[in-house]
Amino acid sequence: MKDPYLPEKAVITKIRRETVDTKTYAVRMLDERKRAEFSVEPGQFIMVSLFGIGEAPFSLSSSPNSDGAFNTTIRAVGNITSALDRFEEGAVIGVRGPYGHGWPIESARGRDVLIVAGGIGLPPLRPVIGKIAQERGDYGRLEILYGARTPDQMIFPYEYEDWRKIKDTRLELTVDSVPAGTVWEHKVGVVTTLFDEMKTYPEGSLVMTCGPEIMMRFVVRGLLAKGFAPNQIYVSLERRMKCGIAQCGHCQIGPKYVCKDGPVFRLSDIQGLPDLAL
Amino acid sequence: MPAKLLMKKDLKSWISNLIGSYAVYGPRPKGNDFAFERIHSSDQIVLDYSKTILPLKKFLLPPYEPVLRFEDGKAQRLPEARAAPKMLLFGVHPCDASSFAVLDKVFISDHRDDVYAKRRENIITVVIACREPGENCFCSSMGTGPSMERGYDVLLTDLEDRYLVESGSPEGDVLIEEVPGAAPPKPIDFERKKRSIEDALKKFKRKVVTDGLPELFRKNLDNPMWNQIRDIDLACGQCVLVCPTCYCFDISDTSEIASGNGERLREWDCCVLLEFAEVAMGGNFRKDRGARIRQFMGHNLSYCIEQFGRFKCVGCGRCIQACPVHIDITEVASKVRGG
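Here the protein sequences line up with chains A and B, keeping their order. Yeah, the first sequence ends on 277 if you go by numbering that gives the first Met the number 0, and it's all consecutive. Yeah, the second sequence ends on 338 if you go by numbering that gives the first Met the number 0, and it's all consecutive.
These are computed hints drawn from the structure, not numbers from a lab. Please note that a few of the clues may not be correct.
[To be verified] With a Cα cut of at most 16 Å, we get these calculated EDC-like pairs of lysine to aspartate or glutamate:
id, chain 1, residue 1, chain 2, residue 2
1, A, LYS259, B, ASP109
2, B, LYS218, A, ASP30
3, A, LYS259, B, GLU305
4, B, LYS73, A, ASP2
5, B, LYS73, A, ASP30
6, B, LYS286, B, ASP232
7, A, LYS8, B, ASP71
On a predicted model such as this, the values are computed, not experimentally measured, just so you know.
Please take these sequences and the hints and turn them into a complete structure.
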């Protein structure tokens, strides 16, 4: 049996800068057998190892292709991510996983899907957008509401035109503030500002949201006020994780392990738990 | 299961025999307390001890150990960590023996940690039922003492001049064969065992009412007692370190500057410490000391039921004993009942 702590080697094939502190890393498993069997559901996460520096959990910003290649979009904010920021194409990293439960792709079939993302919360939802685009007929309308601090903090701006072209899809953008001299044709304000003109209605729809927990708190409040039920809202939570396999204990929220029971939770399953900003 | 009687005068010769065949560990005096340590001679073991400073988890999850070694770009689970010697733990209290069931759930049931599993397989336990519960003990409330019905290899019950020695596993059967000069027990000896348990039960000073406790705890997440506890709590983490079922750990890497080779280390961590729930960019979902101690208590008395199907707390009372400001898990349990 495979040791749960032992990472597989993978190589960074391409690095694309998204914002001043965020990059998208194209990664490919080194072992040929692993390439074929490496499958990750949208919203699941992997543990990325920088040998001798440390290991941390990251979501994937693209589902792996049949060749074991995938993208992960990472913001340099801590020790490990800042070290990764100095890595170049061709560098070898370690990958364990995937772990946890992802977005409710299956129960979303036949329903309208509302995606609400803030800042670095968009990457884990990108595979959902890809999946819906790919199997367009299986889903209802798609509405994406995305907010970032400033226009230059927006991730994947080069894809927005393509997303808008997906049939029955609406994409709305907002930023907290626009620095002087920056051109911005969209909304200004927190992401819930976009709720006023929201086209998704509670009936027959499902919501997936990811962003800072404090943002999701207001998203959830706004949605509940609009008549959405807690069992149709899904949130992806961030907690400290050291193992990814429900052993190190760090990511516990009451009885739940974010690594095992999440990171994506149905709101109705976690309401009332302690130490939750929602 | 086979059982025997062992006259007390023969105990030492049995232990000496065991030392000849196994690496025996048992309770030994350490300062004013006791510690589970290697026994080289039968004189070193003290069976009428209260409790050891650290629980038995130190044998399964050492406080600090490397789990991976990186060398020339290759990662490897450390072979040293895999080597698990056969260990005989002699004189384990039922509360401590019960802690293994919780740890097994975490490290074997879901994602099997081979190193843990091998160590676990190689541990043999000779449990001794408690006759004199300590002032902080409440195992009788948690169903983990003063004696136990399963979860041991051998169970000793003190019957004044002799021990009733019962086997609880095939390993135990083998051990029991070696018991010197032993007569087979009579029904009266089992009667005496029963009475001995009843006598011990009368001596408990602490009690936790467990009926509905997990649900009641969840309804008391905002109880003002958490603020009172926060005001006295030092967040020193001793309760967690001495808890037999607290398993949380941190992982960190070290690397040698010249070679770039290094190790990944696993070391005990504490949910009551500030950094435990820290996330990126200075976020922390348990910044409040009261919330952190609530996590420790809640995991032990409430959340564990959903996770393990049983209480995590085994009622050993070490956290009460270790706490410099007298935070008491049995008081918390009573306060969630409005006590």
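Each hint tested on the structure:
| no. | hint | result |
| --- | --- | --- |
| 1 | A:LYS259 to B:ASP109 | holds, 10 Å |
| 2 | B:LYS218 to A:ASP30 | violated, 50 Å |
| 3 | A:LYS259 to B:GLU305 | holds, 13 Å |
| 4 | B:LYS73 to A:ASP2 | holds, 14 Å |
| 5 | B:LYS73 to A:ASP30 | holds, 13 Å |
| 6 | B:LYS286 to B:ASP232 | holds, 13 Å |
| 7 | A:LYS8 to B:ASP71 | holds, 13 Å |
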